[in-house]
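Let the hints inform the model, and build the full structure from the sequences given.
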Amino acid sequence: MVGVFSTKNTRKLLRMWHIDGAWCKALNDHINDKQQRIEIYHQLRVLLLKREETKFVLQLQQLMSFLHNTHDDFYKYFNRQYVQHIHEWATCYRVGTIVNTNMYTESFHRQLKVVYFLVASRIIMLTN
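Numbering follows the numbering used here, in which position 14 of the sequence shown is assigned residue number 14; successive positions increment by one, without gaps.
A portion of the hints provided could be inaccurate.
Capping the alpha-carbon separation at 25 Å, the derived lysine-lysine pairs in DSS-like fashion look like this [to be verified]:
| hint | residue 1 | residue 2 |
| --- | --- | --- |
| 1 | K55 | K12 |
| 2 | K50 | K12 |
| 3 | K50 | K76 |
| 4 | K25 | K76 |
| 5 | K12 | K25 |
Please keep in mind that the hints were generated in silico from the structure rather than gathered at the bench.
Here's what the structure looks like:
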């Protein structure tokens, strides 16, 4: 029996909304200075959306060097959780994928959660 989805070209992609939330939490956990958190967050967002691989790699190297010298705890976190898995989150490696998690899919996911699952849970509560 043939499956619905081909496993030959299947890729795991992390949703940008989850990445953003995880980065914000980690920055708050690892970096005390608010201004530095803002600056590093901005660099991370620019990196996330970079479409050209060569520019992405160069900027990633610069960011990692900066983090290693200034915020070693966040450097270790980011290296372990994200640098080791760049093909799952970096926009430059998503080129050519059939599904690119963008604002439309994020919006659909929100609607699915809020409208469908909330209504479904209300129906279950009413029937009990």
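Tested hints:
1. Proximity of K55 to K12 is assessed by CA-CA distance (about 23 Å); at most 25 Å being required, the pair is judged to hold.
2. Distance restraint check for K50 and K12: the Cα-Cα separation of roughly 19 Å lies within the 25 Å cut-off, and the hinted pair is therefore satisfied.
3. As the CA atoms of K50 and K76 are separated by approximately 22 Å, the hinted pair is consistent with the 25 Å bound.
4. A C-alpha spacing of about 15 Å is found between K25 and K76, which places the hinted pair at or below 25 Å, so the restraint holds.
5. Between K12 and K25 the alpha-carbon distance is near 22 Å, which keeps this suggested pair within the 25 Å criterion.
Hint check: no violations occur; every hint is consistent with the structure.
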